[in-house]
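Participant: If you want the building blocks of each chain, they are given just below.
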Amino acid sequence: MKAVVTVVGQDKTGIVAGIANELAAYGVNILDLSQTIMSKTFTMSMLVELGGEDSFNELHAALKEKGTKMGVAVHVQREEIFEAMSRI
Amino acid sequence: METSQIIETIKMFEEDNFDIRTVTMGISLLDTVASTPEETAKNIYKKITTYAKDLVAVAEQIEREYGVPITNKRISVTPISLVAGSANEEEILLLAHAMDDAAKEVGVDFIGGYSALVQKGFSHGDLALIHSLPRALTETDLVMSSVNIGSSKAGMNLDAVKLMGETVKKITDLSDTANAKMVIFANAVEDNPFMAGAFYGVTEPDVVINVGVSGPGVVKRALDKVKGESITTVAETIKKTAFKITRVGQLVGSLAAERLGVQFGIVDLSLAPTPARGDSVAEVLEAIGLEQVGAHGTTACLMMLNDAVKKGGVMAAEGVGGLSGAFIPVSEDAGMIDAVKAGTLSLAKLEAMTSVCSVGLDMIAIPGETPATTISGMIADEAAIGIQNNKTTAVRILPTNGAKVGDMIDYGGLLGTAPVMPVVDKSSAEFINRGGHVPAPIHSFKN
Chain P
1 MKAVVTVVGQ
11 DKTGIVAGIA
21 NELAAYGVNI
31 LDLSQTIMSK
41 TFTMSMLVEL
51 GGEDSFNELH
61 AALKEKGTKM
71 GVAVHVQREE
81 IFEAMSRI
Chain Z
1 METSQIIETI
11 KMFEEDNFDI
21 RTVTMGISLL
31 DTVASTPEET
41 AKNIYKKITT
51 YAKDLVAVAE
61 QIEREYGVPI
71 TNKRISVTPI
81 SLVAGSANEE
91 EILLLAHAMD
101 DAAKEVGVDF
111 IGGYSALVQK
121 GFSHGDLALI
131 HSLPRALTET
141 DLVMSSVNIG
151 SSKAGMNLDA
161 VKLMGETVKK
171 ITDLSDTANA
181 KMVIFANAVE
191 DNPFMAGAFY
201 GVTEPDVVIN
211 VGVSGPGVVK
221 RALDKVKGES
231 ITTVAETIKK
241 TAFKITRVGQ
251 LVGSLAAERL
261 GVQFGIVDLS
271 LAPTPARGDS
281 VAEVLEAIGL
291 EQVGAHGTTA
301 CLMMLNDAVK
311 KGGVMAAEGV
321 GGLSGAFIPV
331 SEDAGMIDAV
341 KAGTLSLAKL
351 EAMTSVCSVG
361 LDMIAIPGET
371 PATTISGMIA
381 DEAAIGIQNN
391 KTTAVRILPT
401 NGAKVGDMID
411 YGGLLGTAPV
421 MPVVDKSSAE
431 FINRGGHVPA
441 PIHSFKN
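Chains as they are written, first to last, in the working numbering: chain P, 1 to 88; chain Z, 1 to 447.
Treat the hints as calculated values from the structure; they're not laboratory data.
Pairs of lysine to any residue residues, derived as SDA-like cross-links and limited to a Cα-Cα distance of at most 20 Å, are as follows: (1) K244(Z) <-> S86(P); (2) K64(P) <-> K11(Z); (3) K40(P) <-> T3(Z); (4) K11(Z) <-> M38(P); (5) K66(P) <-> E65(Z); (6) K11(Z) <-> T43(P); (7) K11(Z) <-> T41(P); (8) K40(P) <-> E15(Z); (9) K66(P) <-> R64(Z); (10) K11(Z) <-> H60(P); (11) K225(Z) <-> M85(P); (12) K244(Z) <-> R87(P); (13) K2(P) <-> Q5(Z); (14) K64(P) <-> E15(Z); (15) K244(Z) <-> M85(P); (16) K239(Z) <-> M85(P); (17) K2(P) <-> I7(Z); (18) K244(Z) <-> E83(P); (19) K2(P) <-> E258(Z); (20) K11(Z) <-> S39(P); (21) K310(Z) <-> M85(P); (22) K64(P) <-> E60(Z); (23) K2(P) <-> I10(Z); (24) K310(Z) <-> S86(P); (25) K11(Z) <-> M44(P); (26) K225(Z) <-> S39(P); (27) K169(Z) <-> N401(Z); (28) K240(Z) <-> M85(P); (29) K2(P) <-> E60(Z); (30) K2(P) <-> R259(Z); (31) K11(Z) <-> A73(P); (32) K40(P) <-> E8(Z); (33) K240(Z) <-> E83(P); (34) K11(Z) <-> S86(P).
Generate coordinates for the entire structure from the input sequences, incorporating the hints supplied.
Facilitator: Pasting the structure below:
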């Protein structure tokens, strides 16, 4: 399944590396990545490929924890939710 | 996919209080009828706990995977008066307890359908159910009730209107809050996922998943961006926003139905407020350009809002049903509460607003000494609006013993707090005590 990982928070060194390392540790492949500063806020979205429901739940918990440690908000959501809202 | 679109979607959930208000499993109880009420109660418990055993877990997994808050998981069942058979008042309570026990076992927030449809008259089971309501609603925790007393096709059962006014008073004598669990309808719909009025119609299949979506905060934010522009733009903005949020309901509903292996029914897009600031229908009306809800022009804004919400929703989902539109409960909406406290919003204005919203007089606190016949008068007025205009109307009114006008009553959680509102002190008794049946309007003869 494909999921979108978003990271929003105050810019500082090591955010991309921190998240990417966590993804690598779980064997998750990054398909697409976009990072920008929106209204002075670090904003990154990644499209990732991962296994089934169980691996989603594990990754979800791990990235949330990582985000808390780094002081940024991390979301992991399956990509269909964004397609549903933005495309007919 | 643009990052800005992704962030916009996340903001809707995090900042605008957008939620799937409910995933409601509708379960037919027609095949649970047995020769004794004890056996029927057992069958009801068994069927509900079998069909809905995975409902909460599946909904929670969808919440996690898609980052969509699903506030409530609920069950609606066939109106109990239809499965009660020859049960008397005491026996029918067994069925209320079976519903309550089953709901607790599967972990849902509410179960609706302790209901009777009496628009044309009472059956034995209907009367047993209505007479049991004060006990059923105070002895159970999760059971919700509704009684339909009129329809555009059948007219209005004035005997039922009188009986329901008396029932509201009897419930008040046992509990200040239990009336929040009962809705008195005209033109009740059979696929409504929202409480307290959800029941599962007899023409529905054995089991379905219906979804209720809410999001007044999202609409408010969208309207803040078109300040000063023409009302045409406002209508279009609401329509587009309604489309987006209904799409999420469609996605969640179809996923839930697929994972539970049942049919997907409908999405009900209703702007249903919660007491949280920024999750208010009143604030949406104010964003259209009213200083405060209740100002002249409120009914016009609400009419436009309700219609635009329906239009946006209809295209976004395979099946749209339920009540779909805007809810205007007082206690559950911070902006409505402010307007009542300020004296801007009166009961009379609320009644006018119900002629163009999707439901009716909802979650309104009134003094405990209000006579039963006056409450019946309110029920009759609401039903008249619904019957004559081919729409659903409802009354959920909360008399509070010992409370006087202006007192604040706390109902807890999503039910919020309500200021006690004044009621006209002239009597409706002679009208209500006539009893009988108000004939169906002339335009009901369409056949």
